[in-house]
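Chains as they are written, first to last, in this note's numbering: chain A, 422 to 825; chain B, -1 to 249.
Read the hints as simulated data drawn from the structure, not as lab findings. Since the model is a prediction, treat every value here as computed from it, not as a measurement. Mixed in with the good hints there might be a few duds.
[As the list claims (entries may be wrong)] Partial list, computed: chain B residues near chain A (C-beta under 7 Å):
#, residue
1, 100
2, 104
3, 107
Backbone N, C-alpha and C fix where the C-beta goes; we use that ideal spot for every residue, glycine too.
The lines below spell out each chain.
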Amino acid sequence: MPTRSVGIVYRKELTEALRDRRTVISTVLVPLLLFPVLSVGFGSLAVVLVGKAKEETPKVMLRGGEDSPAIVDGLKKLEKIEIVPLADNWKEQIVNKEIRATVEIPRRFEADIAQQKQDTVSIYKYEGELKSEFAAEKIDKYMNSYSQSVVKERLAARNLSDSVLKPFEIKQQNVAPPEKVSGAAFGGFIGYMVILLCMTGAMYPAMDLTAGEKERGTMETILSSPISRTHLVLGKFFLVLTAALGTAALSVLSMGVSFSVLSYYTGKTASGRAEAAAFLLHLGPKTVISVFIMALPIAVLFSAVLMTIALFAKTYKEAQSYLTPMTFVVIFPSIAAMLPGVELTSKLALIPILSTSLLCKELVAGTYHWNLIALIFLSTCVYAAMALFLAIKMFQRESVLFRS
Amino acid sequence: MIEARGLSKRFQDKKRGEIRAVDNVSFDCQPGKIYGLLGANGAGKTTTLRMLATILEPTDGTALICGHDVIEQPEKVRANVGFLSTATALYPRLTAQELVEYFGRLNGLDEPTLKKRVDDIFNRLDMNGFRDRRCDKLSTGMKQKTSIARTLVHDPLVMIFDEPTNGLDIMTARTIIGFIRECRDLGKTVIFSTHIMSEVEKLCDTIGIIESGKLLVEGSLAQLREKYGEQDLEEIFVKVVTPHFVAEESN
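Between the sequences and the hints, there should be enough to build the whole structure, so can you do that?
Here you go:
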C-alpha cells in the first residue's frame, strides 16, 4: 500500500527530526525568536538610540555674524544647541564628531535683509551622521522661521496678506481603506518573509535526509528494505515540506506577537512600526489562509529542489556549500517584488517566487485577481511537480546515490 | 535460493573510462547452505552482493532470488532478503526497538505480528537491556545485534552478508559468525563475502573466488584442496588469483 509506506517513512523521519537539536533550532526556535529579536530587540534599541541622539545638546560653531547681532543672539538662545568659539579646523572637528555643525552667516546679513538683498546662510554638517543631521535640522528650522517672519514683515509693510504668496492650499487625501494602505506598504514584506522562511525551514531537513543519510551510512540500510524508492522519496519529501510550512507558520505567528508587543510599547503612534503592528493585528483569517495556500506550491518547489541538490552531495558539509547560494536565488525575486512600481501582470505571474511574492502583496492588501491567482497557483504547481519528479528520478540514479 | 546468471556491472569513470566491476558472474546458492564469496579489496564482492540485494541494478545478466528477478521484481526480492554489511548503519536518533519496528513495518508486517516478532528476536538475541536506548548510545556489539535484529524481523529466506565482520573486535565478530551459522541451521540461503580465510574455512559449504569482477573458481573446500594440491586456503587463493592478477597488471 503506497500511502502506508509513505506514512511509515514520514513518521520515522518526523520522530528523528524532533529529536535532532539542529532541526528543532532551525525549524522551531529560529522562526520563533527571529522576529522578537529583530523587531522588539533592534526596534527598541533603535528608538532608544535615536531618542538619545535627539536629547544631546550639539556643539555648533558660528562663522561670521559679527555685524548681525540679532540673528546670532537668536541662535545662541536656541534650546539644546551650544554655540562654541570658532576654530580654524572646524571642518575637521565636524568629521571627527567633536562638533556637530557650523553655521556661516554672510557679511552684512542683517543690513542686506533690511535692504531686501538676497544672501545665503550655509549650514555645514556630516551627512548621514545622525547627531550632525539633528543639529543641522534644528538650525535649519530656526533660520526658516526667521525667513518667514521677515516675509511677513515685508508683506505687512505693503499692506498685503499671506495669500499673496500662497494663493491656494494643496491637500492630498487617501481613499483606500486602511488595510489596503498597510497591504501596499507591508504586503511585500510578508510575502518575502513567508517565502524566505519556507526556504530556510526546508534547508536543514533536506540536507539531513539526503546527504546526512549518506554520510551516516544509513542510505544503504534503507535501500535494502522493500520500500520503493518513489515512496521513500515521498516520505522524506513530506517531512521537508512540513518543516518548510511549519517554519513559515511559526514565523508569521511570531511576527504577529512581536508587532503587537511593539505596538503596545510604542502606544500605537504614527511610527512605521506601530502601523505595521496595527496592520498585522488586523490580518484576517481569510488573508492568512490565502497566503498559506499560495505558499504551498512554492514550499513544494523548494522542498523538492533542495532535496534534489542535496542528494548530489556526499556529506552534510558539501550539501551546505551547494545550498547556501540557493538563498540568493530566492532572495532576489522576493526583494524585486517589494520594489516600488513592480505590479503583478500575467507575464510576471509565470516567474516562480517573484509571482508568489507579488501575489502575497495583493492578497494582504485584500485584492483578489482570480485569473492571476489561478495562473500563479497552476504555474507554481507545474514547477513544483517537475521538481518533485526530478527528485524522484535522482533517487533512482545509482551514480547520485553512490557517488564516490 | 539464489541463481545468478551472467551478472555484470559496468561503471563509467572520468579518468579510467569504463570499469567492469563485475563481469559475467554466474553461481547458485542453495537453502541451508552457506556460499562464501572470497576476494581481495576491489575484486567485485560488494558490487555483486549489492546487485543481489537490488541496491544496484545489473548492467547485463540477472539473478533470481526465491524465484523473483532482481531487475523485474526488486521489491519482492528485497522482501525475501536480509542484507547486512558494515556499511548498513543504524539511525542514530531511533531506539533499538523503534529501528527494528520501522523495518518490520516497511516489510509489511501488521502490528500484532510485528510485536510478537520483535519480542521473540529481542529475547533470542538478549537485547531487552537496551531496547529503549538510542542507537547512537549503543556499544559496537549492541549495534551489531540491532543490525542482526533488523535483518531478521521479516524472517527472510535469503541472507546476504557483505564483509560483516570487517573492523569488528573478536567478540562481536564471533556473534556475527554464530548468527550466520544459525541462519544456515534454520534452512536459509546464505551468501557472504569476506577476505578473511579463516571465516571461509569455518563456515562455507561452497567457496567462490572472485578477482577483477570475474568468478575464477568455485567448489567446496575439499574440492579446491584436491584441485590445487594445497591444504591451506590462503595458498589456494594465491594460486588462483596470481596469474589473473599479473595479467591484469600487465594490461
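Here is what the structure says about each hint:
| no. | hint | in the structure |
| --- | --- | --- |
| 1 | 100 | 5 Å, holds |
| 2 | 104 | 4 Å, holds |
| 3 | 107 | 11 Å, violated |
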